[in-house]
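As a plain string of letters, each chain reads:
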Amino acid sequence: MLNSLIGIIASSGGVAASTTAYDSIATATVGSGGASTITFSSIPQTYTHLQVRSIARENTGAGTSINDLLVRFNSDSGANYRYHYIRGNGTAASAGTAGSQTYAWALGTSQAGSTASVFTGNVLDILDYTNTNKYTTTRSLSGTDFNGSGILDFISNLWLNTAAITSITITTGGNNFAQYSSFALYGIKGA
Amino acid sequence: MAAGSTYTPLATQTLGSAAASVTFSSISGAYTDLVLVVSEFNSAATDTSFVFQVGNGSIDTGSNYSATEIGGNGSAAFSDRASNSTVGYLNGPGIGTSTTAPNTYAMHFMNYSNTTTYKTVLVRGGSAAGNTVALVNLWRSTSAINTIKINQAVNNMATGSTFTLYGIAAA
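Those sequence lines, one after another, are chains A and B.
Here the first sequence is numbered in the working numbering, starting from 113 and rising by one per residue.
Here the second sequence is numbered in the working numbering, starting from 13 and rising by one per residue.
This is chain A alone, in the form it adopts within the complex (with noise of 0.2 Å):
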């Protein structure tokens, strides 16, 4: 009931030096009263990149196909991101972009009227995000097959912000998650 309410908030506060190249950073697993915000705090600058690995699911609203995650970074919701993106719907490929969007639009979810079961599969690359001298990109492959039909989306995004990225926040923009819904946080080190 309290992840309904909050959301979840996954912080990386306690993380043990590390000599891995890969480390688990914080995960957010959704419980059965279902989540609005899942929110990634205090995210260590000592990795080159970062990786989010998921499965999604909505557990409200009406849709019956996919819908568009929105991620921001360090709470900025100004109109601060554009992204392009590819996309297969099992008949013909397209391709898009737009610009000044208050989210970066970087992962996807299947909704709740959808099959049954059914995940969205998401990976999602966070570029060199310590970095200040530079605007932040990112790049992801999100997949929904439902049998019959599916989307599968490549997407890059582009923060305009010169900022490190100290937090992560995933909403699917009114509706909440479903039970088993996961988020995994890794970093990346550099040599």
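Misleading hints may appear alongside valid ones.
Unchecked claim - The calculated SDA-like cross-link candidates involving lysine to any residue, where the alpha carbons are at most 20 Å apart (straight line), are:
1) Lys301(A) with Thr20(B)
2) Lys246(A) with Asn201(A)
3) Lys301(A) with Ala183(B)
4) Lys246(A) with Ser187(A)
5) Lys161(B) with Ala118(B)
6) Lys301(A) with Ser279(A)
7) Lys161(B) with Ser29(B)
8) Lys246(A) with Gly208(A)
9) Lys301(A) with Pro21(B)
10) Lys161(B) with Val34(B)
11) Lys301(A) with Thr98(B)
12) Lys161(B) with Gly86(B)
13) Lys301(A) with Ser212(A)
14) Lys301(A) with Asp237(A)
15) Lys301(A) with Val47(B)
16) Lys161(B) with Ile71(B)
17) Lys246(A) with Gly190(A)
18) Lys301(A) with Ala182(B)
19) Lys161(B) with Arg136(B)
20) Lys301(A) with Arg251(A)
21) Lys301(A) with Ile71(B)
22) Lys161(B) with Thr98(B)
23) Lys301(A) with Ala181(B)
24) Lys301(A) with Gly190(A)
Hints were generated in silico from the structure; no laboratory data involved.
Computed from a predicted model, the values in this text were never measured in an experiment.
Assemble the complex: chain A is given as a structure, and chain B must be docked to it using the hints.
Relative to the frame of chain A, chain B by itself:
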């Protein structure tokens, strides 16, 4: 929470001779995701598709797989799908006829060990001689995956082909 090694090599198979398939079995359920990296060569100059099957204890050969693909073949972008299939796909038809250019793929088995959701498998890869592709596969089973089988639809896989399985553990 403590950070630790989370990208763990679980097994590697390198073909010493041409083989019809490669199987990873008794895969530990201790990880969150699996990543299978494939670098494979055709053993014959026959254009075909590259497929996989999974299971729990034994391979599921039922019509429980489906896939949506996007790709480019050097001339055009395309998208296609397979429904109620007996296999999942690393690459639909179009991998090319070269026996020397590698077919390389990274497969992501998302949340493979849970027993409550159908399993989604993302693939990025392509054939150096044929195309570049990405796919989303669905295995309509809530069973945990502990067995994976890879093969080409027609050709044997050639000597020197490599298959490396990694486990990624979340905190």
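Item to complete: Sort out which numbered hints this structure fails and list those numbers smallest first.
Response: 2, 8, 11, 12, 13, 21, 24
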